[in-house]
Every structure is written in structure tokens, then in C-alpha cells.
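**Q** Counting in full-length UniProt numbering, the sequence shown runs from 1 upward without gaps.
The hints are simulated quantities; they were obtained by calculation from the structure and are not laboratory data. Even for Gly, the Cβ is constructed at its ideal location relative to N, Cα and C. A few of these clues could be false.
Keeping only pairs whose Cα atoms sit at most 25 angstroms apart, straight-line, the calculated DMTMM-like set for lysine to aspartate or glutamate is [stated by the list, open to error]:
| hint | residue 1 | residue 2 |
| --- | --- | --- |
| 1 | Lys730 | Asp607 |
| 2 | Lys206 | Asp359 |
| 3 | Lys337 | Glu197 |
| 4 | Lys206 | Asp186 |
| 5 | Lys638 | Asp747 |
| 6 | Lys337 | Glu190 |
| 7 | Lys337 | Asp606 |
| 8 | Lys740 | Glu619 |
| 9 | Lys337 | Asp599 |
| 10 | Lys711 | Glu632 |
| 11 | Lys901 | Asp186 |
| 12 | Lys199 | Asp315 |
Cβ-Cβ distance ranges computed for the label pairs, FRET-style [unchecked claim]:
| hint | residue 1 | residue 2 | range |
| --- | --- | --- | --- |
| 13 | Met723 | Asn334 | 56 to 62 angstroms |
| 14 | Thr367 | Gln751 | 53 to 59 angstroms |
| 15 | Tyr725 | Val577 | 51 to 57 angstroms |
| 16 | Asp633 | Pro164 | 48 to 54 angstroms |
| 17 | Leu93 | Glu463 | 21 to 27 angstroms |
| 18 | Asn592 | Asp186 | 28 to 34 angstroms |
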Amino acid sequence: PACFFNFMTLFCELTCSPRQSDFVSATNFSTFDKNTTNVDKVSYYISQTFSSLNVVLFFLGDATCCETLGERFENCLRVLFSSWGSLCVRHPLTVILTSVVLVLICSAGLSYMSITTNPVELWSSPSSRARQEKDYFDQHFGPFFRTEQLIITTPLNASGVFSPTSGPDIHFSSILNISLLHQVLDLQTEIAKLTAEYKGETVTFKDICISPLAPYNDNCTILSLLNYYQNSHEVLDHEDVVFYVNSDYHTHFLYCVSSPTALDDTSKSHDPCMGTFGGPVFPWLALGGYEGTAYNNATALVITFPVHNYLNDTDKLGKALAWERYPCLHRFVNFVKNYDNPNLTIAFSSERSIEDEIDRESNSDITTIVISYVIMFVYISLALGHINSFWTLLVDSKISLGIAGILIVLSSVACSLGIFSYIGIPLTLIVIEVIPFLVLAVGVDNIFIIVQTYQRDERMPEEELHQQIGRILGEVAPSMFLSSFSETVAFFLGALSSMPAVRTFSLFAGLAVFIDFLLQITCFVSLLGLDIRRQEANRPDILCCVKLSDGQQEKSEGCLFRFFKKIYAPFILKGWVAVFVGMLSFSIAVVNKVEIGLDQRLAMPDDSYVLDYFGNLSEYLHTGPPVYFVVEDGHDYKAPEGQNAVCGGVGCNSNSLVQQIYTASLLNNYGKQRPNGTEFMRFLPMFLSDNPNIKCGKGGHAAYSTAVDLKENNTDVGATYFMSYHTILKTSSDFIDALKMARELTDNITQAIGPHNKTYSVFPYSIFYVFYEQYLTIVYDTAFNLGVSLAAIFVVSTVLLGFELWSAILVSFTIAMILVNMFGVMWLWDISLNAVSLVNLVMCCGISVEFCSHIVRAFSVSTRSSRVERAEEALAHMGSSVFSGITLTKFGGILILALSKSQIFQIFYFRMYLSIVLLGAAHGLIFLPVLLSYAGKSQCSNIHSFLCHSPKIENLWMKHPKKKDPKKSFPQMCVNIKNMLQPHATQQSLW
1 PACFFNFMTL FCELTCSPRQ SDFVSATNFS TFDKNTTNVD KVSYYISQTF
51 SSLNVVLFFL GDATCCETLG ERFENCLRVL FSSWGSLCVR HPLTVILTSV
101 VLVLICSAGL SYMSITTNPV ELWSSPSSRA RQEKDYFDQH FGPFFRTEQL
151 IITTPLNASG VFSPTSGPDI HFSSILNISL LHQVLDLQTE IAKLTAEYKG
201 ETVTFKDICI SPLAPYNDNC TILSLLNYYQ NSHEVLDHED VVFYVNSDYH
251 THFLYCVSSP TALDDTSKSH DPCMGTFGGP VFPWLALGGY EGTAYNNATA
301 LVITFPVHNY LNDTDKLGKA LAWERYPCLH RFVNFVKNYD NPNLTIAFSS
351 ERSIEDEIDR ESNSDITTIV ISYVIMFVYI SLALGHINSF WTLLVDSKIS
401 LGIAGILIVL SSVACSLGIF SYIGIPLTLI VIEVIPFLVL AVGVDNIFII
451 VQTYQRDERM PEEELHQQIG RILGEVAPSM FLSSFSETVA FFLGALSSMP
501 AVRTFSLFAG LAVFIDFLLQ ITCFVSLLGL DIRRQEANRP DILCCVKLSD
551 GQQEKSEGCL FRFFKKIYAP FILKGWVAVF VGMLSFSIAV VNKVEIGLDQ
601 RLAMPDDSYV LDYFGNLSEY LHTGPPVYFV VEDGHDYKAP EGQNAVCGGV
651 GCNSNSLVQQ IYTASLLNNY GKQRPNGTEF MRFLPMFLSD NPNIKCGKGG
701 HAAYSTAVDL KENNTDVGAT YFMSYHTILK TSSDFIDALK MARELTDNIT
751 QAIGPHNKTY SVFPYSIFYV FYEQYLTIVY DTAFNLGVSL AAIFVVSTVL
801 LGFELWSAIL VSFTIAMILV NMFGVMWLWD ISLNAVSLVN LVMCCGISVE
851 FCSHIVRAFS VSTRSSRVER AEEALAHMGS SVFSGITLTK FGGILILALS
901 KSQIFQIFYF RMYLSIVLLG AAHGLIFLPV LLSYAGKSQC SNIHSFLCHS
951 PKIENLWMKH PKKKDPKKSF PQMCVNIKNM LQPHATQQSL W
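Given the sequences, and given the hints that come with them, work out the whole structure.
**A** Set out below in C-alpha cells:
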């Protein structure tokens, strides 16, 4: 040693370095207390320019079991990765070709790839209650019908006043002007005449529409105000006078909105109100924008075209899809979109509109996504090289190595997709959009760590390249393994989620991250060795066949590394904890205020016609989606007790099904007395087949024939449903509350009508339940997924950090802070909690490991004397790689996402990704180093602490003249230190 610092460093390395097995060998031993063996002498190898220095060493205490196990595990990892890195560099072609073959085999599974676009499969688990209830409903009654709907308003001021024969004048709004009604009828008629081509067949609306009275009446169901007028211009123009009472379309309108099931309006024309399809058109379904029951003040007409839906009949479903939208102007969507009438403003939607618009949105965002990735790829290729001078620019560049690293990242994604495609697990759009971003963050970070560690390293005398890279990989690979394995385990445990989108993402992400790690420590290390040989041979990057004139190879520290080492680390460690404590406190305060759900409008492009429809839906409609109260098979309808339990009216139970859902049953009006037993089953099929007519307007064919599942040759009743409507539902919370209330109601009904020894129940069913059920448990799912991920990270970090429990706690605590702060950002930035944001939060958990684990491990293996110095060293060496590998790589790509036309991209990808990167960088590069400088685990033993921190020793050494011969002054210093330590010696510590 030539100075105090060298001596202190050497002694600290000797006493507590985690790499002791590389340079320390015990040579002499002695027995102490029969069961204990002391080490009397060790051989400390410095380098070939030094001789072996024999030092007599005694310890102040025994190492704990965890410390011993951790040191052995650390050494095993170091030796393993060092040997592996040396092997990959010595045999690069074999490693690269083997990697390529395995990647191709795994990626070949993409030929079996299938993508799930069905929203039900994507968001609803097959084992969920809503999914099982939907399957039950579909099995017994068929799938919910497809809906094509128009909401029509007018910019004209064409309101008028109707003066009845008696009573006050009645105001009629503009949309009820007879001239506009004729124009709307023309539009409705043209839509009903639209045709499409499917597999060479002409598809008409009659082929796919719902005709409840078929085959006796094949008129299609059209829920429209014009059905009050039998969809006829002639009926709309009817005018007559009976006993000095004027009758026209005004009086007929007023009569029908009061009695939509009437078959005669009592006028001279005897016009019916019942629709041509044999069923009523309730005013709250055909009108909008009114208050209370003032239907005459309606400002919007609502026209609904119900269309048959099919589960397993692809041909019939294909016809419906073709009619809805076929690449021709004479199809529903294209026709209405191009319909031009200055007097009418039309907002519309078809059953396939949302899915089509999401597909269009995805296609329109491809350019944005490609530009985002191109920016990240260009940055990686340019930033990976360390340019020492302008004259060596072509040689020092690492564009080819950067491109190879990117291909390795993409190959890991392809392998993950291919392997699961072999198994038969379908992909989702979330997997395709999110996983490349995640794996690129993890993979690029590891690439920068490997390359930049080599760029800062000096090859030892007589050390070969494969030994140097092996030694470097032994230093950094355990840190890479820590982060990658933590993320893999966390993601795989996230697959325990019941939410299909989250489960699929977790499986694909976990495997992709682990494959990426394997390719990096094999293929990339071999490529790095080849690139270094190319650089040492003075050959330019890319054009490696050309050899430039030999020049002097000089290594220098990069600008970013010098900035972190000289400026950033000393500055940042002065203390910023208060800022993060404030952020954490704020986030905890607002975490329960984050909105739950997903507004459908966010999934639409900014220029989508569906956005106008959603807006009008909230503004004008007074009725929400239909809801069916399904009584499962098992209820006895033949017995009076069973009938009284479900009916409404005289003689029915006060807590019957109908009474509890506040609707009236018309069944008891079918006859003077309800039949029982065998008579019930004799009359029921008749009732269900009777068409409503002028003699009996209560015939049940149109209204109830599909609501009763007859079994055993019409001798018994199976499952049944009672139909009602939800109130208007505008926001996600409205839909969630509606589902909760409906289930609460049916639970009460089940208790009221079902005997205790029966197994059947009553459940509600509506088309939106399978999509919104996830929000009933989204809080629990979020807590479970993030909790399991944090637990996995804690366990893996504890093991791979050498069983340093405290370091693992600090890593987990910091990641938990990032997640909590993400909720604060979500509240500030209006990001709701749903499956998409939950996937991003799980991904945030994985990326946060990259920001934190490398820093903590670098701190743990640092041999500096104090916590502050070790935090500075960790921040300088790993912080610069993390900053350049994740933060800068992602920052440019994320900013491009802000230009996306898709609102869901802007909110759930741009905003959340930006927040993840900024919060991860802030906590990993600011908060965590400061926390470690205060609360990091002490690395020094008692002797080590005494030597490192005692000012007396430093003063002792500094008393010697600076120019004194070190060979003479060193023994004197040892004597002085020995004298100072002698009073502290115990029976187990000697010098």
C-alpha cells in the first residue's frame, strides 16, 4: 500500500468482500473449544505483480447462518456466470446458431396463433357468475338479440301547438312535426329494404330480423314511433271527424303513448297502436329528450332494429354481419353514415360498430406505434456505443450490436407467443400491444448494463478476452438474474387472476422476460465478444470486413457516467426523502377516489361516429338495457303456490317475483281464473301460441313465447324469464350499481319464492353484465395481483441478494411506493381502474424491479466504507445504466404515443407509461439511493467498522510524512493499529 486509502480498501476487501473466494485461501487452522475451528493464516492474492501476503487474521464473531449461506450462494452465481460467459465468448458461433435454432422452433408456434377479439372471452372468466348465467340464458332462450339503433333529432324549429276539441292546447316538439315524421318514415323504410351479399346469397332485412309472430305474420320488429302508424304514410295522414271530434296523427299519438297495446284508437279509422310485428312499442323506447310522461315534448326519435343473434351458426351470423356492414354503400352502417338530409341529425350504432371501430383504431395507431418503436430502436443503436474520439467513431460505434440486442428482445417475445400458441392459449390485443414495451424495457436495461460495465472495465494483465467478459458477466449477471427472475415469478403468479385479460398477459409476459434473460446471457454475450474483437481489430461497425489503420485504443469514462459519479450522486444524496413522503401521503389519501370502470367512449377513435351515438344515448334516452329475471328450471308453475310466488295482481303473494320487481303481470288477465295442474299445462301452450287480435289483445305469442322453456312434450315448465328494463345508465358506476341492485333483488326473490329444499334460483341477466361484473371485484383483484407480485419480488430478492432480508424489504417497499403513487397519478390524470390499467399496474411492478434491484444489489456488494459512499458508487455505476437503458429509451417512444388518435392509447398507454417511467426513475435514482444512505444494511464487521470509521486511525497514518517510503511506514502503522485495537480484544479476538 502507498497510502491510507489503499490500505483501508485492501483490509476491507480482505475482511468482508463478497468475492473473498476469488482471492482468499485459508492455509492454517487451529482447534478452539473442541467444536470450533479458528483460521490462523490466509493467503491473500492481489495480482501477479504482488507476492502472496500472509496475514494473521482473527474474527470478532461468527458469521450468521444467513450470511454464510448468502455468501456461498453469491459465490456460486458468480462462478457459474463467469464460466458461462467465458464459454459463450470462446464458442460464439455454436452459441449463436443454437440460439437461432431454438428461437425458430419456438417461434414456429405462431403458425397456430389465434387472437381473441370477442369481448366476452376477453373480460369475463368462464367460471364467473355472470358468464355462467349468460350461458344458462343462451342455452334455454337463445342469445341476446343484436341491436341496430338510430337516435334522430332535428336542427329545425318546427314545433307546433295542437288544439284538441276539449282541454288546453298541447305543445308538440319539432321532431314530432308531421313533415319530419314522413321523412323519418322514408329513412326507416329504406333501411328495411337494404340488402347484402353473403357467399353468393342476397341477404335482406327480413332474413335476419326478429319476427315474433312468424310464420303467421312475417313483419319485422321495428321499435319506432312510426309503428303507431303501421309504418304507413297513409295512416300517418289519417284525419277524420266523429261527433265533432277531430282525429289526426296528434290524437293517435296521444292515445298510443297512453295505451301502446291498444288495437283500436276508437277513431273513425280504428287505427291500432300495436306494431305491425304484433307487439307494443312503448313510448319510452321510441322517444327521448322529454320530462316525466310529457312525450309530446320529446326532442328525439329512437328507432331500434332488433336482429337475430346466433352462437354456433356461423352462416346465419355471417349474414347478419354482412347486412350490418358490408363493403358497399347499401349496407346499414355505410348507408346511414352517408345518408344526407339537412332536416335530420342522425346518431347511430350497430351491434358490430364498437368492435369495428376498435379494429379501425388499432389499424390507425399502427403508424404511431411503429414510429414509437423506431425512435427507441434508433436511440438504443446509437447510445450503446461509447465514442472515445471523432477519429474512432466508426470503430467505437455499436449500431450492429444494438440492432442484435433489439432482435433478441423481439425474439423473446416471438418465442413466448409461439410456445403458448403451441399449447393453444389465444392471444389478446393487450398482449400484442403491451408485452413488447415491457420486454424492451427489461431487455434493453440488461444490455446497457453488460455493455457499459465492459466499457468501464480494464482488462487485467495477461487476462484474455473471454476471461474478462466472463468476469464481467459474473459481476452483473446475478443482478440481471435477480430482476428477471423476480419479474418472471411475479408475472406467473399474476396468472392466478380470474380476469382473462390479466391472466393471459401475465403468462405471456413472464415467459417472455425469462427467455429474454436466457438469450442475453448466451447469444448477446457471444455477439458482444465478436463485436469487441472487431473493435480491437480496428474494424468499423457494420462494415466489419474493412480494416482501418491501427490506432491507439484508449478507454475513457462516458459523459453520463462521469455526470452521475461526479455531480449527480453527491448532489442527490443530500436528502430528498421529504418530497417522496409527501407524494406517498397524497397518493394514499386519494387511492380510494380512483374511479372504477371503463367509459366506452375511450375505446373509440376521436373521429368515430359511435362517439356521437354515445353522447346522444346519455342525453336523450330514458330507458336502459333490458334485464331478464330468469327463474331456473325447477319451479312448480302448476301448483297455486308456485303461481302465487311469481305472479302479480289479485291473489298473488305480496313478495312475489313480479311484485318485487315492480312490474305488472298480464298472465292473470288471460282468463277469469288461473288454471291449475294439468289444466295449466293444457292452456299454457295455447296462450303462448295465440296472436294478439281485436278479440283478445293479450295473446302471448309475441310477448311471451320465447320467455318460457317448455319441456317433456309441453307437459311441464322449465326455465322462464320476466323481462323489464333498467333505468337509463350513463356512466360505468351506473352500470355497476345496476348490476349490484339487480343481483340483490334476485337474491331476495329467490328467498321468497324458493322452498328451502329446492336447488333452483332466480338470477338477473342483461347483455352488459359479463363486461361489468369484473368491476365488482376489481379492487380485490388489484390488491391480490399486486400483493402477490410484491410478495414474489420480496422472496426472490431475499434469496438472490444473499439472504439479505433488509435489502429485500427496501426493494419491496420502494416498489410498493411506486405502485401507490401510480394510483395518485391515476386520480390526478383521470385514469380509471379497469382491466387495462390493472395490466399496466402489473407491468409497472415488473419495470419497477429494473429501476430498484440493480441499485440495491450494487449497494450490497460495494466494498466502500460508509453507506453514503456505497450509495454513491451504486448510483454511479448502475444508475447511469438504468437511466440510459430504461428512462431515456422509453421516454422518446412514449412521447410519440401522445399523438395517437385513440383516446385509450392516450390515457392508458401514453399517460400510464409516462407515469411508470417517471415514477420508476424518480424512486430508483433519487429516493432509493437516499434511503440506502440512511437505512441500508451495514457491510462492515466490527473490526472493519473500527478501521473504516475511526478518525484516530486516519490521524495516525496522516502523521507520517507523505513522501516517506511506504515500505518503512507500513509496518509502523500496523504496530500503531495493533496497539490501538489491543484494549478491544476479547477472548475470541487476537492479533
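**Q** Please verify whether Lys206 and Asp186 have alpha carbons no more than 25 angstroms apart.
**A** holds, 18 angstroms
**Q** Does the Cβ pair Leu93, Glu463 satisfy 21 to 27 angstroms?
**A** Because 23 angstroms falls inside the window, the suggested range holds.
**Q** Does the alpha-carbon distance linking Lys638 and Asp747 stay inside the 25 angstroms limit?
**A** holds, 23 angstroms
**Q** Range first: 53 to 59 angstroms. Now tell me if the beta carbons of Thr367 and Gln751 are that far apart.
**A** Check passed, 57 angstroms falls within 53 to 59 angstroms.
**Q** Against the 25 angstroms threshold, does the CA-CA distance of Lys901 and Asp186 hold or violate the hint?
**A** violated, 36 angstroms
**Q** Is Lys337 close enough to Glu190, meaning Cα to Cα at most 25 angstroms?
**A** Measuring from Cα to Cα gives roughly 14 angstroms; hence the hint holds.
**Q** Just to be careful, I want the Cα atoms of Lys199 and Asp315 compared with a cutoff of 25 angstroms; is the pair within it?
**A** holds, 9 angstroms
**Q** Need the status of pair Lys740, Glu619: alpha-carbon distance at most 25 angstroms?
**A** holds, 24 angstroms
**Q** Does the Cβ distance between Met723 and Asn334 fall inside 56 to 62 angstroms?
**A** Since Met723 and Asn334 have Cβ atoms about 32 angstroms apart, the given range 56 to 62 angstroms is violated.
**Q** Does the Cβ distance between Asn592 and Asp186 fall inside 28 to 34 angstroms?
**A** Between Asn592 and Asp186, where Cβ atoms are some 53 angstroms apart, the hint is violated.
**Q** Given the hint that Lys337 pairs with Asp599, does the C-alpha gap stay at or below 25 angstroms?
**A** holds, 23 angstroms
**Q** Would the hint linking Lys337 and Asp606 be met if the CA-CA limit is 25 angstroms?
**A** OK: Lys337 and Asp606 at ~16 angstroms, within 25 angstroms.
In summary, the numbered hints that this structure violates are 2, 11, 13, 18.
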